[in-house]
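S.K.: So the chains spell out like this:
Protein chains: 2
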Amino acid sequence: MLYSLVDGRARTSTELAAVAAVSPSTASVHLQRLTTQRLVKVFAQGKHRYYSLEGANVAAALEALSVLAGASRNPFVPNTPSRLRAARTCYDHIAGTLGVSLHDRFKALVWLSASSTHGNNRYDLTPNGANALEALGIDVEAARKLRRRFASACLDWSERRPHIGGALGAALLELALKKKWVTQDLDSRALDITKHGRRELSTRFGLDLE
Amino acid sequence: MLYSLVDGRARTSTELAAVAAVSPSTASVHLQRLTTQRLVKVFAQGKHRYYSLEGANVAAALEALSVLAGASRNPFVPNTPSRLRAARTCYDHIAGTLGVSLHDRFKALVWLSASSTHGNNRYDLTPNGANALEALGIDVEAARKLRRRFASACLDWSERRPHIGGALGAALLELALKKKWVTQDLDSRALDITKHGRRELSTRFGLDLE
DNA sequence: CGCACACTTCGTTTACCATCAAACTATGGC
DNA sequence: GCCATAGTTTGATGGTAAACGAAGTGTGCG
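Heads up: the protein sequence lines correspond to chains A and B, in order. Going by the working numbering, the first sequence opens with residue 1, and the numbers climb by one from there. Going by the working numbering, the second sequence opens with residue 211, and the numbers climb by one from there.
Everything labelled a hint here was simulated from the structure, so no lab data went into it. Here the structure is a predicted model, which is why all the values come from computation and not from measurement. Just so it is clear, CB atoms sit at the ideal spot from N, CA and C, and this is done for glycine as well. One or more of the hints may lead you astray.
[Claimed, not checked] Which chain B residues face chain A? A few, computed with CB under 7 Å, are given here:
#	residue
1	Asn267
2	Ala271
3	Ala274
4	Leu275
[Claimed, not checked] Derived CB-CB ranges, DEER-like:
#	chain 1	residue 1	chain 2	residue 2	range
5	A	Ala20	B	Ala230	27 to 33 Å
6	B	Arg248	A	Val19	23 to 29 Å
7	A	Thr36	B	Pro234	33 to 39 Å
[What the hints assert, rightly or not] Partial list, computed: chain B residues near chain A (C-beta under 8 Å):
#	residue
8	Val268
9	Val277
10	Leu278
Model the full structure from these sequences, guided by the hints.
M.R.: This is the structure:
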């Protein structure tokens, strides 16, 4: 279970049960123990409970042990249709590889930081981030005034890593549609990244999508 | 057991049994397993079998795990009389802190290297090392001709780390006595490092002894 | 040579822990 | 409001591995 989590992605208890080839109940008690021992952390989203490694310490220990064991692990392959995996909507914001990439990029640029006031999986825009997004045409102040969480880490279904949700996520999708960076599929949640969009994402955010 | 070995010192199976608070027989089967799994290596000397960590990999893994456990280990304290621990003879060569320090220093200076032709715990002098020792007044060629092993790793009883044995070790002790770097105690195996010797060891080998 | 010591091998016992099924709780969708 | 799905709790069970004592092997010392 732990080794399957070293890629940084989160997994549900049922998936981890399958990975370990044990029954869901066995997996449950095991994961409970791993949680109390601070090896993994849980993140409940809807009726799914996503488990991921607690921190870099744990990954380091696993790495060191796998060196001893001389094992090479086979990587996780998501079995989501590739069109949906690349980019799609999640309620009213961007998910899929694109969503996760944006999230990672915004954190790397320090536009987004973990919220100090709210819970664990909430974000704040830094002054830099607010300026940059205003410059792109997002009304950050308006988004702040809405009666909903401003920005949150939403766990991505296909990538199993967080993307940006909340009012800010919605504003980003709105912007991307308005600027024709992406177009919405009519009968699915898939998003198409336009040629123009690909260029813009690259120059504005340094995002290089396959 | 493994944690008690992270300091790089070797320990006997009886000591490790005491460390783990189990019977000698239990320790024996456990150590056997650790050996086949390449976590520790054995070195038989007389009727003692010294166990030590197999390599840096193992130490790294233990380190990573202890970070997770948040434990701080209490270090090994040798219970040997300090006079004997500092310097003494082992058969006909130098043992104790001084012996181990010389061994470590010679390896660091690349005067001594693991023997390519003989077994695992044998040494060869490098050309550099031979020159340096000849310059000090050791007849290296004569030592080579003796019908005994030239240089070997002899596990130090108090330090639990190797010092230099064999013909080379004997020649080193002979030199140290002749140059009055050390004087031999009359009724024990203890060696006294003279003031002069301390100075010489410092300038010639960069050895700083307490 | 024989004793003492260091350690290992063997066979047996015991305790524990992983595992599962069944029952239970929680969440989302219609 | 009800069903389906996701996950957890609980209690019983069996397999396994850790542990020990007793007997065996090997090494050094007098």
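S.K.: Now, for every hint given, state plainly whether the structure supports it.
M.R.: Verification of the supplied hints:
1. Asn267: 5 Å, holds
2. Ala271: 4 Å, holds
3. Ala274: The hint holds - B:Ala274 has a Cβ within 7 Å of chain A, the shortest such distance being about 4 Å.
4. Leu275: OK, holds: B:Leu275 within 7 Å of chain A, min 5 Å.
5. A:Ala20 x B:Ala230: 27 to 33 Å: 29 Å, holds
6. B:Arg248 x A:Val19: 23 to 29 Å: 27 Å, holds
7. A:Thr36 x B:Pro234: 33 to 39 Å: 36 Å, holds
8. Val268: 7 Å, holds
9. Val277: With a closest approach of 5 Å, the B:Val277 hint holds.
10. Leu278: 5 Å, holds
Against the hints set out earlier in the document, no violation occurs for any number.
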